[in-house]
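Visitor: The chain contents come next:
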Amino acid sequence: GESVGLHLPTLSVQEGDNSIINCAYSNSASDYFIWYKQESGKGPQFIIDIRSNMDKRQGQRVTVLLNKTVKHLSLQIAATQPGDSAVYFCAPQPGNTPLVFGKGTRLSVIA
Amino acid sequence: GAVVSQHPSRVICKSGTSVKIECRSLDFQATTMFWYRQFPKQSLMLMATSNEGSKATYEQGVEKDKFLINHASLTLSTLTVTSAHPEDSSFYICSARAELGSPLHFGNGTRLTVT
Numbered sequence: 001g002e003s004v005g006l007h008l009p010t011l012s013v014q015e016g017d018n019s020i021i022n023c024a025y026s027n028s029a030s031d032y033f034i035w036y037k038q039e040s041g042k043g044p045q046f047i048i049d050i051r052s053n054m055d056k057r058q059g060q061r062v063t064v065l066l067n068k069t070v071k072h073l074s075l076q077i078a079a080t081q082p083g084d085s086a087v088y089f090c091a092p093q094p095g096n097t098p099l100v101f102g103k104g105t106r107l108s109v110i111a
Numbered sequence: 112g113a114v115v116s117q118h119p120s121r122v123i124c125k126s127g128t129s130v131k132i133e134c135r136s137l138d139f140q141a142t143t144m145f146w147y148r149q150f151p152k153q154s155l156m157l158m159a160t161s162n163e164g165s166k167a168t169y170e171q172g173v174e175k176d177k178f179l180i181n182h183a184s185l186t187l188s189t190l191t192v193t194s195a196h197p198e199d200s201s202f203y204i205c206s207a208r209a210e211l212g213s214p215l216h217f218g219n220g221t222r223l224t225v226t
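The listed protein sequences derive, respectively, from chains A and B.
Numbering-wise (our numbering), the first sequence opens with residue 1 and increments by one.
Numbering-wise (our numbering), the second sequence opens with residue 112 and increments by one.
Honestly, the hints are just simulated from the structure, not real lab data.
Glycine included, C-beta positions come from ideal geometry on N, C-alpha and C.
Just to be clear, a hint being listed does not mean it is correct.
As the list claims (entries may be wrong) - In silico BS3-like cross-links for lysine-lysine, where the CA-CA straight-line distance does not exceed 25 Å:
(1) Lys71(A) with Lys125(B)
(2) Lys71(A) with Lys166(B)
(3) Lys125(B) with Lys166(B)
(4) Lys103(A) with Lys56(A)
(5) Lys166(B) with Lys177(B)
(6) Lys68(A) with Lys103(A)
(7) Lys175(B) with Lys131(B)
(8) Lys103(A) with Lys166(B)
(9) Lys166(B) with Lys68(A)
(10) Lys71(A) with Lys103(A)
Claimed, not checked - Label pairs and their in silico Cβ distance ranges:
(11) Gln81(A) with Gln153(B): 37 to 45 Å
(12) Thr191(B) with Thr97(A): 21 to 29 Å
(13) Glu39(A) with Ser129(B): 41 to 49 Å
(14) Asp31(A) with Gly127(B): 43 to 51 Å
(15) Pro82(A) with Thr224(B): 25 to 33 Å
(16) Gln81(A) with Asp138(B): 27 to 35 Å
As the list claims (entries may be wrong) - Sample of chain A residues facing chain B (criterion: CB under 8 Å; computed from the structure):
(17) Ala24
(18) Tyr25
(19) Ala29
(20) Ile34
(21) Lys42
(22) Phe46
(23) Asp49
(24) Ile50
(25) Lys68
(26) Ala79
(27) Phe101
(28) Gly104
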């Protein structure tokens with residue numbers, strides 16, 4: 001299965017600052033990657049995805065960067081808000097196989 | 112967007128009883144659904160893959176006779192925790208995708224507490 005690791009288990013940022021959450025993956029055959037946000041007591045929520053033929057994708061306040069050379073992903077959140085406090089998971093999603101989750105990064109926003 | 116609904120959101124049961132959790136895809140059909148379990152401050156762990164019209168595939172270490180999965184239709188999978196014990200207390204989450212190559216969408220989970 002996929003081995004997914006996250007560089008930092010916790011991240012604290014000041015409200016209004018930008019957040020960067022990093023993720024490493026091991027399977028070079030992975031061609032589709034998703035970031036999920038999980039708030040306390042809820043299921044993971046889709047944030048943004050990126051395919052391997054891209055190296056950057058932007059959403060509303062979020063940007064995902066993909067570096068296939070070093071098998072690294074990052075999620076950037078602009079102007080972080082208290083509502084962004086959650087655990088963030090990156091997940092390679094090959095075909096119809098289930099997702100294997102790493103530990104996740106807990107983002108805490110300091111007001 | 113694709114919506115996955117899970118019911119109940121919370122359940123408390125006595126040790127030795129069985130609990131059924133439902134997972135529905137509301138606006139799409141899902142031939143495959145996935146069941147995860149999450150303990151406090153831990154990540155999601157895949158328990159099993161639910162296949163419509165056939166037997167579920169269980170991950171290593173997950174007892175198929177204890178966690179019964181039924182996927183009788185393209186929009187409904189159920190997980191039954193049989194003879195529940197306190198150590199089965201956990202957060203159970205289901206997921207499904209609308210089509211191959213699209214993101215997995217998750218239900219909001221079921222908090223099971225066994226007393």
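Visitor: Next step is simple, just say for each hint if it's right about the structure.
Guide: Evaluated hints:
Restraint check: the Cα-Cα separation between Lys71(A) and Lys125(B) comes to about 47 Å, which exceeds 25 Å; the hinted pair is violated. Among the hinted pairs, Lys71(A) with Lys166(B) is inconsistent with the structure: their alpha-carbon atoms are about 35 Å apart, more than 25 Å. Pair hint Lys125(B) plus Lys166(B) does not hold up; C-alpha atoms about 28 Å apart against a cutoff of 25 Å. Taking the CA atoms of Lys103(A) and Lys56(A), the gap is near 24 Å; set against the 25 Å cutoff, the hint holds.
At most 25 Å may separate the alpha-carbon atoms for a hinted pair to count; Lys166(B) and Lys177(B) meet this at roughly 14 Å. At roughly 21 Å between alpha-carbon atoms, Lys68(A) and Lys103(A) fall within 25 Å of each other, so this suggested pair holds. Note on Lys175(B) and Lys131(B): the hinted pairing holds, with a Cα-Cα distance of about 14 Å set against a maximum of 25 Å. At most 25 Å may separate the alpha-carbon atoms for a hinted pair to count; Lys103(A) and Lys166(B) exceed this at roughly 29 Å.
The hinted pair formed by Lys166(B) and Lys68(A) fails the criterion: a straight-line CA distance of about 37 Å is larger than 25 Å. In summary, the hint linking Lys71(A) to Lys103(A) is supported, as the alpha carbons are separated by about 17 Å, within the 25 Å threshold. The given range of 37 to 45 Å is broken by Gln81(A) and Gln153(B), whose C-beta atoms sit roughly 26 Å from each other. Evaluation of the 21 to 29 Å hint for Thr191(B) and Thr97(A) yields a pass: the beta carbon distance comes to about 24 Å.
Distance hint check for Glu39(A) and Ser129(B): the Cβ-Cβ separation is about 29 Å, which falls outside the suggested range of 41 to 49 Å. The hint said 43 to 51 Å for the Cβ distance between Asp31(A) and Gly127(B), and at roughly 46 Å that hint holds. Distance hint for Pro82(A) and Thr224(B): a CB-CB separation of about 29 Å, consistent with the stated range 25 to 33 Å. Range check, Gln81(A) to Asp138(B): about 29 Å between beta-carbon atoms, so the 27 to 35 Å window is met.
The beta carbon of Ala24(A) is not positioned within 8 Å of any beta carbon in chain B (closest approach about 15 Å), and the interface hint is therefore violated. This hint is violated: Tyr25(A) has a C-beta 15 Å from the nearest C-beta of chain B, more than the 8 Å allowed. A hinted interface residue such as Ala29(A) counts as satisfied when its beta carbon comes closer than 8 Å to some beta carbon of chain B; here the least separation is about 15 Å, so the hint is violated. Interface restraint check for Ile34(A): the shortest CB-CB distance to chain B comes to about 5 Å, inside 8 Å, so the restraint holds.
Interface restraint check for Lys42(A): the shortest CB-CB distance to chain B comes to about 5 Å, inside 8 Å, so the restraint holds. Hint on Phe46(A) holds. Least Cβ distance to chain B is approximately 5 Å, under the 8 Å limit. Look at Asp49(A): its Cβ gets to within about 6 Å of chain B, closer than 8 Å, so that hint holds up. Interface restraint check: Ile50(A) against chain B, minimum CB-CB distance 11 Å, threshold 8 Å, status violated.
Contact between Lys68(A) and chain B, as hinted, is not supported at the beta carbon level, the nearest pair being about 18 Å apart and thus beyond 8 Å. Interface hint at Ala79(A): violated, since its Cβ lies 24 Å from the closest Cβ of chain B, which is beyond the 8 Å cut-off. Satisfaction of the interface hint for Phe101(A) is found here, the shortest Cβ-Cβ separation to chain B being roughly 5 Å, below the 8 Å cut-off. The criterion of a C-beta within 8 Å of any C-beta in chain B is met by Gly104(A), whose closest approach is roughly 6 Å, and the hint holds.
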